[in-house]
Amino acid sequence: MGDLAYDDREYDVVVIGAGGAGIRAAIEAKTQGARTALVCKSLFGKAHTVMAEGGIAAALRNVWKEDGWDVHFRDTMRGGKLLNNWRMAQIHAQEAPDRVLELEEWGALFDRTPDGLILQRDFGGHRYARLAHVGDRTGLEMIRTLQNRATELGIDVLMECTMQRILMDSGRVAGVFGYWRQSGRFILLRAKAIVLATGGAGRAWRVTSNSWEYSGDGMRMALEAGAALQDMEFVQFHPTGMVWPLSVRGLLVTEGVRGDGGTLRNSKGERFMFRYVPDFFRAETAENEAEADRWYEDKKNNRRTPDLLPRDEVARAINAEVKAGRGSPHGGVFLDIASRRSPDVIRRRLPSMYHQFKELADIDITKEPMEVGPTCHYIMGGIRVDADTTASTVAGLFAAGEVAAGMHGANRLGGNSLSDLVVFGRRAGLHAAQYAASVRAPGAVDTGDLDATAKAMLAPFDRGGGEDPYAILSELQGTMQDLVGLIRTQSELEEATRRIADYRGRLDRVSVRGGTRYNPAWNTALDLVSLLTVSEICARAAAVRTESRGGHTRDDFPKTDAEWGKKNVVVRKRDGALEIATEPLPEIPADLRAIVGEQPHPKEPAGDIESTKPAGMGAAR
Amino acid sequence: MTVAEGAQQVTFRIWRGEDRGSGGFIDHTIPIDPGMVVLDALFRIQATQAPDLAVRWNCKAGKCGSCSAEINGHPHLMCMTRLSSLPTDEPVTVAPMATFPLVRDLVTDVSFNYEKAKTIPAFKAAPPGPDGKRRMYQEEVERVQEFHKCIECFLCQNVCHVIRDHDENKQAFSGPRFFVRLAALEMHPLDTNDRIELIRAKHGLGFCNITKCCTEVCPEDIHITDNAIIPLKERAVTEFYDPLAWVKRRILGGPEPQIGEKEPVAPSDR
Chain A
1 MGDLAYDDRE
11 YDVVVIGAGG
21 AGIRAAIEAK
31 TQGARTALVC
41 KSLFGKAHTV
51 MAEGGIAAAL
61 RNVWKEDGWD
71 VHFRDTMRGG
81 KLLNNWRMAQ
91 IHAQEAPDRV
101 LELEEWGALF
111 DRTPDGLILQ
121 RDFGGHRYAR
131 LAHVGDRTGL
141 EMIRTLQNRA
151 TELGIDVLME
161 CTMQRILMDS
171 GRVAGVFGYW
181 RQSGRFILLR
191 AKAIVLATGG
201 AGRAWRVTSN
211 SWEYSGDGMR
221 MALEAGAALQ
231 DMEFVQFHPT
241 GMVWPLSVRG
251 LLVTEGVRGD
261 GGTLRNSKGE
271 RFMFRYVPDF
281 FRAETAENEA
291 EADRWYEDKK
301 NNRRTPDLLP
311 RDEVARAINA
321 EVKAGRGSPH
331 GGVFLDIASR
341 RSPDVIRRRL
351 PSMYHQFKEL
361 ADIDITKEPM
371 EVGPTCHYIM
381 GGIRVDADTT
391 ASTVAGLFAA
401 GEVAAGMHGA
411 NRLGGNSLSD
421 LVVFGRRAGL
431 HAAQYAASVR
441 APGAVDTGDL
451 DATAKAMLAP
461 FDRGGGEDPY
471 AILSELQGTM
481 QDLVGLIRTQ
491 SELEEATRRI
501 ADYRGRLDRV
511 SVRGGTRYNP
521 AWNTALDLVS
531 LLTVSEICAR
541 AAAVRTESRG
551 GHTRDDFPKT
561 DAEWGKKNVV
571 VRKRDGALEI
581 ATEPLPEIPA
591 DLRAIVGEQP
601 HPKEPAGDIE
611 STKPAGMGAA
621 R
Chain B
1 MTVAEGAQQV
11 TFRIWRGEDR
21 GSGGFIDHTI
31 PIDPGMVVLD
41 ALFRIQATQA
51 PDLAVRWNCK
61 AGKCGSCSAE
71 INGHPHLMCM
81 TRLSSLPTDE
91 PVTVAPMATF
101 PLVRDLVTDV
111 SFNYEKAKTI
121 PAFKAAPPGP
131 DGKRRMYQEE
141 VERVQEFHKC
151 IECFLCQNVC
161 HVIRDHDENK
171 QAFSGPRFFV
181 RLAALEMHPL
191 DTNDRIELIR
201 AKHGLGFCNI
211 TKCCTEVCPE
221 DIHITDNAII
231 PLKERAVTEF
241 YDPLAWVKRR
251 ILGGPEPQIG
261 EKEPVAPSDR
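So the sequences go chain by chain: A and B. With my numbering applied, the first sequence covers 1 to 621. With my numbering applied, the second sequence covers 1 to 270.
Everything labelled a hint here was simulated from the structure, so no lab data went into it. Careful, some of the hints might be misleading.
[Said to hold, decoys possible] Computed list of lysine to any residue pairs in SDA-like fashion (alpha-carbon distance at most 25 Å, straight line):
no.	chain 1	residue 1	chain 2	residue 2
1	A	K268	A	K299
2	B	K133	B	F207
3	B	K233	B	E197
4	B	K118	B	G17
5	A	K299	A	V345
6	A	K567	A	E579
7	B	K124	B	N72
8	B	K170	B	F207
9	B	K124	A	T31
10	B	K124	A	D115
11	B	K118	A	D115
12	B	K133	A	P114
13	B	K116	A	A129
14	A	K65	B	M136
15	A	K65	B	P128
16	B	K133	B	T192
17	B	K233	B	P128
18	B	K124	A	G154
19	B	K133	A	K567
20	B	K118	A	I187
21	A	K367	B	S85
22	A	K358	B	N72
23	B	K124	B	K212
24	B	K212	A	P351
25	A	K358	A	D344
26	B	K133	A	L101
[Said to hold, decoys possible] Stretches of chain A that chain B covers, calculated by requiring three or more beta carbons in the stretch to come under 8 Å of a beta carbon on chain B:
no.	stretch
27	207-216
28	247-254
29	493-506
Please read these numbers as outputs of a predicted model, since none were measured by experiment. All C-beta atoms in this analysis are idealised placements derived from N, C-alpha and C, irrespective of residue type, glycine included.
Throw the hints in and build the complete structure from the sequences for me.
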């Protein structure tokens, strides 16, 4: 195929993915003087970050002086069931306030406190009201602010451009190859450094808050380039997705509803979360409804409502209530804010939730409860990176945001994603630019490699009467939903792995008609390559981890196991085959361990969390 | 989604083709379920009848502004238009936005908007207060937050007849989306950049004759005409043609505004 036609460009740094992490990385790389390209799978400003609702977590201390990076660090580690990379959690907690203030300096308009500072709201797992926000459309404010900044800096933005393969030259990156969605034309981007910021893979599940874009491209490309993935068994099911009507099943209902006073109830009207408080969080959770209700106003003398336990706990509780026959008519539970806050407050604090239910479900949330249930939302696992530099194990390859692993451990706290994006997005751009400056020229591109990649991408057009990509996708989503969902068991995970192998065989026989120009059937067939890879890794990693922790719950191993708390499940690809191993978690230094408190072990009595608090906690910064 | 027994059959008349000259409408009849939106119907058509039907979408929740189209001749987001709001006993027509060049089927080339965005002078924040903090009050940020709700669906651009009916105006007219953006910058409590002359001269504010078509189609209910365009027009007039302002400048010795002189540098000119 010597006549392969493609666009050919060269940059110092190519950033793939244009959500919060990717745009922030591109801004930093450009500011460092690197020739920078920003590749978007969709139009600029439409990436998943735009859907984030509740807020961005940062210990700004505008609402609670008692807050500080150490408290935020502690909450993050405990929410992640201590499987987090401690250094990432530390950097994140320390740098998040500066990143939020930087957004303000670039024009973001957060809601204000009475004395004119950035207002912060309560969220699950956060000890203090910590989330800077704009009503319930914080992600839109963030992505638009970053988008405008990137435009002002004159960064090259490649829209509707999907990358398929990282090209290597003797162990370091040489570029990346993909196609323009609008024209179907191929494109080669030669690069000294590549930042992956492609997000997660939630499209592999049927009930999901994720869009078509979320197919795990970055994880698959990094793996094939030689990078290691870790923690791929940890998938976050957000406890509150819409359940009815069916066509909107999975659509996100912000945790801000509970942060602002909403409460979960079963069909008997009970606030059932009080029955699901694990020992690990008992000492910091309200004992009864009266205490929980007082906590919103007085955090010093009361403890947090169990409605705001970390997401994994709440999702499991909802699942258990529905299974026990106490669910709502359409298989969820009730989320009630109508009886707890005035219509004015609800419309002002949660305008897009009000709009979403009104328009799509004929529900007025100021008058009636919502019906909600778990929806696939986020993957904690991803590319293994160095905490300080975001460098992967491959020279010249960096990763930030959801595509990277470690920051959130076994479960991510709400609000910690937006802050993750800007904290590590900035670091990725900085270190990629520095790395690129140390390299004389991009690695050499093997044109044979390009030809083979292009040929494989076009193969579905050359086969008649083969498999249908939409059918494979739909079956994959059913399999992941039913067998690799919120609650898992060995036999089902093995069955999922077997079925995924079958889908892979069918994908090799897939056929697509029409041309390459904006052809969603072809685009879906190409996305399936990543979706099947990530799904297989998730199912197999889940089979390896024989315990329950955070976003990984095993019916056959229901307890958290302290030994597993010291290990990551790590996946590599060697000679075309997956290698799955366990490797030790980096050990947390004693001073930080003291901040975090005890291990999550159900057999240990719940410790007195206050006693683990070092002197002067919260006073830092 | 599985199809319910005895589901209602609805015909969708969908524009197909790669250029406006040779393309045309093609009918697809499918069963529909309660609660479905137009985008759901297109997914079902893709999965069962027309796998290569080009549709642009992302969040399917009215938050990203990707799936703009003209449904029964009216501009809407396909993800927020429920079939129950349409007469389904006759075909539902779905066509691409008319103002932008066609890519394929329901997808248009909206790069016009991204090019205009490059001509907007940057936000420049005032320095922090003496305590190192920036203070703004809820009342003053709220009116700008209205503009920040914009999801860039470009439906306002699509219906603005300054460019919908006159392609030649695209050069000199940025359209309602960018008047909203410029108003957001001009009314931002912390911004220190001055764009008024640029708005008048370069973005074509004068072309707008306030027919409010943009406001009517905004899925975010932004009062584009009343809250963004009219105040901008008033500012432009005050700054350059107001005799009182002229006298004040004479007496206080302020700088004489000169077209071009105080024009901030747009990023694309750098």
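ask   = Which of the listed hints are not met by the structure?
value = Checked against the structure, the hints that fail are numbers 1, 2, 4, 7, 11, 13, 17, 19, 23, 29, while the rest are satisfied.
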